[in-house]
Amino acid sequence: MRQDHLITATQLSRDDIEAVLDRARAVADDPAAYADRHAGTVLALCFFEPSTRTRMSFDSAAKRLGIDTIDMGDVDSSSVSKGESLSDTVRVIEGYADALVLRHPSEGAATLAAENVSVPVVNAGDGAGQHPSQTLLDLHTIRENHGLDDLTVGIMGDLKYGRTVHSLASALTNFDVNQHFISPPSLRLPRSVRFDLHETGAQVREHEDLDDVIEDLDVLYVTRIQKERFPDENEYHRVAGEYRIDADTLEAAPDHLSVMHPLPRVDEIAPDVDKTDHARYFEQAHNGIPVRMALLDTLLENADPDADEGIEVDR
Amino acid sequence: MSDHELRVSKIRNGTVIDHVEGGQALNVLAILGIDGSEGLGVSVGMNVPSDRLGRKDIVKVEDRELSQSEVDVLSLIAPEASINIIREFEVVEKSRVTRPDSVTGVLSCPNRNCITNTEEPVETRFEVVADGVRCDYCSTILRADIADHIDV
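Just so you know, the protein sequences line up as chains R and S, in that order. Mind the numbering: the first sequence is residues 65 to 379 in our numbering, read in order. Mind the numbering: the second sequence is residues 85 to 236 in our numbering, read in order.
Same shape as in the complex, but just chain S (with noise of 0.2 Å):
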């Protein structure tokens, strides 16, 4: 990318999440529970021009690494990202997200008479099925609105 088409600039530590779906930025951010009040850097680039996927989208965070769940999240609303850990402008570990075969303990389930939705002392726990997650304790199955059931 030359100096003149560049939207962003370069991040000195922090993370970049490449190859986002055109237009699931937001939902992104969303997982990662940034909204702005936290005094973090945050630089979205929203359906960009890329020759895998068409019109991607682009967040750059700084000062902030993902955790592992927050990874596993992401792959189910973003499935082909990357994600690029930056550490004094260097790519220190770039990855891709897989699609882990359950998420513990950072989804809400929708159905409010669900034991996970009571006082009990227990950690939500969703099964990743073809296109989306389902619950394991009411099966309930989520699915274009995972991101709203982000619970991080």
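In isolation and in its complexed conformation, chain R is listed as follows (with noise of 0.2 Å):
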């Protein structure tokens, strides 16, 4: 991967994702090969919005590579709450740090960020748009337990806020995947994802009802649907309802159907499911680890072409 920033998922392509993933499987194989691999460097957490497993798994990740990691704390205890801007705050961070990960709640905050930087930043999050390091995790996720071509993937829930889904989607366009998307018509995938999709020539259906594609997925994405959406909470919940699974619904699936879901989840998968052999979710959260080692591994080298890789990675 030859890129400076990961700011979105359209960004990459099948062999920067390879790439990654090669390198999160040998992390994952080998993590005290890494251990000490960026010592002397510092990362910065920049999160505007409350963040509890991202955050961590990037500090966690950070910590492993043996990168220092800075937290700019709560965005109520900040410069923030005295209204500076994030160009200007970013600009001093950058200062301070060798890279910065950024969640923010308004959508291009992290493409802002970027081009008022020049060290390495990453995308965890921004608004309703992107989180290109959630689809890595979930990538790595599905090709370890399905290989990434010949697949056949739902994508369920907030399809028109979920960044997640937003990243996936346009990832998954990179290998032979039918897609398949089933949400309520108001939070159907937003008119830019599916333009990219088709710009992209990939297999896109559309779909009210999971009892219409439940036989034929390899992979369903579950995503929590969220009540500050409808305006009315008896819609809410009436909508909500029809895209909640348990193990009964998962009866009419594939023995080799993998759940998936980028979590927290509330309801929207029953805890029975856990028991189940389809169940993915916290092995996707535990392969955030691996990844986001991975991923800041890469940018950090990129960033610092001179460096000494030590390590012979196999790609």
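The set of hints was computed from the structure by calculation and includes no laboratory data. There's no promise every hint is true.
To be verified - Derived list of chain S stretches under chain R, where covered just means 3 residues or more per stretch with a C-beta under 8 Å from a C-beta of chain R:
(1) 188-198
(2) 214-227
As the list claims (entries may be wrong) - Some chain R residues flagged as far from chain S (calculated, every beta-carbon gap over 10 Å):
(3) Asp80
(4) Val181
(5) Arg207
Quick reminder that beta carbons are idealized off the backbone N, C-alpha and C, glycines included.
Assemble the dimeric complex from its two separately framed chains, guided by the hints.
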């Protein structure tokens, strides 16, 4: 991957993705070989909206590479609450760190940040836009269980505002994958994502009912439908109920189906699914570590081409 | 065009925007930010017969020459338009609009949650795509409603 930043999944080619995932596999196989690979470097965690797992996952991945992390803290206690712009904030933090991980409530925030700094920026979620590092760990999970070609993937839930969905759908177009999108009409994929999918000639089908496709799926990627997307609470409960799965729902699915979820889940996947062989979401979350290690390793290496690589990475 | 067909008189100085798609003249004025309050002389011909377009609109604006960024945005709603700059009743410059690769600082993003709609010191930037424009920051696509988002 010869990228300076990771901002959207649309920037990633198949080669880019496979290079990171190969490296993630190597990291998972021999984490000790990567332990002090980036000692002396500093990663800034800039989270302008709440995050638990993404923040901790990047923090942990960095530390396992020997990287120190500095954390902006909560927005309420930072200079942002005094009205400082994002552009100024990242320009200042650039002087403190060798790379930035940014989460922000506005779409396009990571693009703007990357325009203002010369260190690598990783988009850890920009509003309802993109979340490409999540996509890399999603792809790693799919690849380790099914491979990444000749696949049928169903993506269900809030497809309109779900940033993990937008990134995953784009990235999957690099592979031989049939994509099925299952959602209520009001939460269909946004026009911009459909535009990108059609541009690549991807096979895309949209459905309102999971039953239409469940028998054909290798992977079912479930996302949460959020209450705040509905003006009426009764309408929310009615719609959300239709996109909830449990062990009974999966009776119709092939035995090898993987159920994935970016987490946190609320009640869209019933706990009884956890005990089935379909459940992959905790494995998926754990994959955040080797994948984000591989990603940070790659970006820092690109940012410093003279660095002594020291390790032969199995590609 | 013979005298008895002449609908609006020649202008001394300014811009004539010809071959605008029929019905788009008022959007052209919107792009130029002209609503009459500036005191400029403005003549509009709508649905005038045209060999090339069948029906076309013409806009004549006195004492105002278009900037490149205005012409760029104009091309998005009036791709066939020709721009004539007039000085002392003579056409001193005649050009067809060409679709730019991108437009910067002229359109506002319709996505209220786009970073360009916050207090950030950033100009909007849209890539010109097949039948519209696309925000470089949030990827939102703007098509038929481009004229509603002009910010010049």
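The hints, checked one at a time:
Counting residues of the stretch 188-198 of chain S whose CB lies closer than 8 Å to any CB of chain R gives 3, which reaches the minimum of 3, so the coverage claim holds. With a cut-off of 8 Å between beta carbons, the stretch 214-227 of chain S has 8 residues touching chain R; three or more are needed, and the interface restraint holds. Every CB of chain S is more than 10 Å from the CB of Asp80 (chain R) (nearest about 19 Å), matching its label as outside the interface. Annotated as non-interface, Val181 (chain R) keeps its C-beta farther than 10 Å from every C-beta of chain S; the closest such distance is 14 Å.
Distance check on Arg207 (chain R): its Cβ is at least 26 Å (rounded) from any Cβ of chain S, clearing the 10 Å threshold; non-interface status holds.
Consistency with the previously given hints is maintained throughout, with no hint failing.
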